[in-house]
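Protein chains: 2
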Amino acid sequence: MKFGRFGHQGRVFFGAVEGDQVTELEGPIFENHKITSKKHALSTLKTLVPCMPPNFYCAGLNYAAHIEWANRRTGGNRKAPEKADIGYRSNNALIATGEAIVIPADSVGPVEFEGELVAVIGKKARNLSEKDALSCVLGYTLGNDVSERGWQKQDRTLWRAKNCDTFKPMGPFIVTGLDPMKLTVSIRVNGKPAAEYGTDKMLFSAQHYISRISKYMTLQPGDVVWLGTDGATEPDLKDGDTVEIAQKDIGVLRNPVTRAKA
Amino acid sequence: MKFGRFGHQGRVFFGAVEGDQVTELEGPIFENHKITSKKHALSTLKTLVPCMPPNFYCAGLNYAAHIEWANRRTGGNRKAPEKADIGYRSNNALIATGEAIVIPADSVGPVEFEGELVAVIGKKARNLSEKDALSCVLGYTLGNDVSERGWQKQDRTLWRAKNCDTFKPMGPFIVTGLDPMKLTVSIRVNGKPAAEYGTDKMLFSAQHYISRISKYMTLQPGDVVWLGTDGATEPDLKDGDTVEIAQKDIGVLRNPVTRAKA
Numbered sequence: 042m043k044f045g046r047f048g049h050q051g052r053v054f055f056g057a058v059e060g061d062q063v064t065e066l067e068g069p070i071f072e073n074h075k076i077t078s079k080k081h082a083l084s085t086l087k088t089l090v091p092c093m094p095p096n097f098y099c100a101g102l103n104y105a106a107h108i109e110w111a112n113r114r115t116g117g118n119r120k121a122p123e124k125a126d127i128g129y130r131s132n133n134a135l136i137a138t139g140e141a142i143v144i145p146a147d148s149v150g151p152v153e154f155e156g157e158l159v160a161v162i163g164k165k166a167r168n169l170s171e172k173d174a175l176s177c178v179l180g181y182t183l184g185n186d187v188s189e190r191g192w193q194k195q196d197r198t199l200w201r202a203k204n205c206d207t208f209k210p211m212g213p214f215i216v217t218g219l220d221p222m223k224l225t226v227s228i229r230v231n232g233k234p235a236a237e238y239g240t241d242k243m244l245f246s247a248q249h250y251i252s253r254i255s256k257y258m259t260l261q262p263g264d265v266v267w268l269g270t271d272g273a274t275e276p277d278l279k280d281g282d283t284v285e286i287a288q289k290d291i292g293v294l295r296n297p298v299t300r301a302k303a
Numbered sequence: 042m043k044f045g046r047f048g049h050q051g052r053v054f055f056g057a058v059e060g061d062q063v064t065e066l067e068g069p070i071f072e073n074h075k076i077t078s079k080k081h082a083l084s085t086l087k088t089l090v091p092c093m094p095p096n097f098y099c100a101g102l103n104y105a106a107h108i109e110w111a112n113r114r115t116g117g118n119r120k121a122p123e124k125a126d127i128g129y130r131s132n133n134a135l136i137a138t139g140e141a142i143v144i145p146a147d148s149v150g151p152v153e154f155e156g157e158l159v160a161v162i163g164k165k166a167r168n169l170s171e172k173d174a175l176s177c178v179l180g181y182t183l184g185n186d187v188s189e190r191g192w193q194k195q196d197r198t199l200w201r202a203k204n205c206d207t208f209k210p211m212g213p214f215i216v217t218g219l220d221p222m223k224l225t226v227s228i229r230v231n232g233k234p235a236a237e238y239g240t241d242k243m244l245f246s247a248q249h250y251i252s253r254i255s256k257y258m259t260l261q262p263g264d265v266v267w268l269g270t271d272g273a274t275e276p277d278l279k280d281g282d283t284v285e286i287a288q289k290d291i292g293v294l295r296n297p298v299t300r301a302k303a
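Just so you know, the protein sequences line up as chains A and B, in that order.
All residue numbers for the first sequence refer to this note's numbering, where the first residue is 42 and numbers rise by one.
All residue numbers for the second sequence refer to this note's numbering, where the first residue is 42 and numbers rise by one.
Same shape as in the complex, but just chain A (with noise of 0.2 angstroms):
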């Protein structure tokens, strides 16, 4: 199954996106929705952000080649994390596919992509093993964990580099069924390949997280965890420009880019 969220005249529902076809639904994803016997084609509708988390959980530094990208770059020395301890960010930030991301008046770049696989929670769940951890996932979207790096550089903390308005992008849509260590993320600037990688080199796997992270905190309904990205992610984004972040079953997650004016 693949669903999303929707705006449509005034109205917000969850839908089940089939082709170019959206039937709706009665009831959020997360619980006993009914199907309606609403359709409207997808192009007349307005994709919203998935779900608004209650928790917004993420996994840093969770593939080795970002890791050593990362060093290169920046002359650092970072190791992999002998745990997977678990990082968060913040809703002010997320928007829908199709937004803009606006890089502040003030940033001091760069500004860069990170494309990540989300898993989004479907049932309050606590101290699963890694065996059962993927039993409380409702499916997985697309994520973009924007970062501003002068700041991530800069600052005590992570909150400017990575939570200011609009650089949370997340969707298009939730897809059911998919094994999260078995698939393939793009990364696109301006339609030109950026970066690919393969979910299978993440170090602390999806189950393993959401396992660890049950352990001390209840998952809710549309909590989601983002699991981290690999490689590269250059190029640097800029004033016009437009990333994406692909998957061949949740689809693209299609962003322009504005740098806000003093």
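Don't read these hints as lab results, they were simulated from the structure.
Some hints could be false.
Note: identical chains are not told apart, hence a pair may lie in one copy or across any two.
Claimed, not checked - Calculated lysine-lysine pairs in the BS3-like style (CA-CA distance at most 25 angstroms, straight line): (1) Lys124 - Lys302; (2) Lys164 - Lys233; (3) Lys124 - Lys194; (4) Lys302 - Lys256; (5) Lys256 - Lys279; (6) Lys172 - Lys302; (7) Lys289 - Lys233; (8) Lys242 - Lys172; (9) Lys120 - Lys194; (10) Lys242 - Lys80; (11) Lys172 - Lys194; (12) Lys120 - Lys43; (13) Lys302 - Lys165; (14) Lys165 - Lys289; (15) Lys256 - Lys194; (16) Lys165 - Lys87; (17) Lys279 - Lys80; (18) Lys302 - Lys194.
Using the hints provided, position chain B relative to the given structure of chain A.
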């Protein structure tokens, strides 16, 4: 005004608190709510977390005496931050007054309180000057930024140290019309005074934090900004303790402490 969120016979509603009486409101306190004619004795209601924040901001290291104390205790050498860089906490950890702080079975400890003043945002805001920053604030409540110091030291992030389920008591009520820079916050453990400080000692004022956040992030109704703690955060919290964070206008945020069985 003093606002709270309450549960009663399966319903959840906001209410205005006067003494021991609660008047039910229709709609959320952040919008044009209506005052209804339904009144309850406060003691007949379950007091809930006063709001579930869309974004959960916090100030780290915002009082000099707390930094000095932490350095003495840990043999560290942290300096006061040069800028008001904000951090995040997560909603899974929120509990109401009266609910138990549960120390995980595998906690290495110590587990400590941090009594904090919390600004609750009342309306959407962006790019506020310091002078206008408090115009978006509905009122103030109290928070206990419960911290597992062993994990705070061991882990790469603060996820377990600060965000385990039940580690973020918040409440009891939201009070309007207070000056956030002129309040006294008192902490008691098992009824005995443990710490007390004046919010006039903040390194970066509430105005400064809120203005700075709003330069990059759209503040939303219900967002919370936890403003840091001062001084020592001893004695450690142990199974069977009760910890109270108090301010004379807002009231007392009181939570028992238990330890999970392995």
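Report the numbers of all earlier hints that the structure fails to satisfy, in ascending order. 2, 10, 11, 12, 14 and 17
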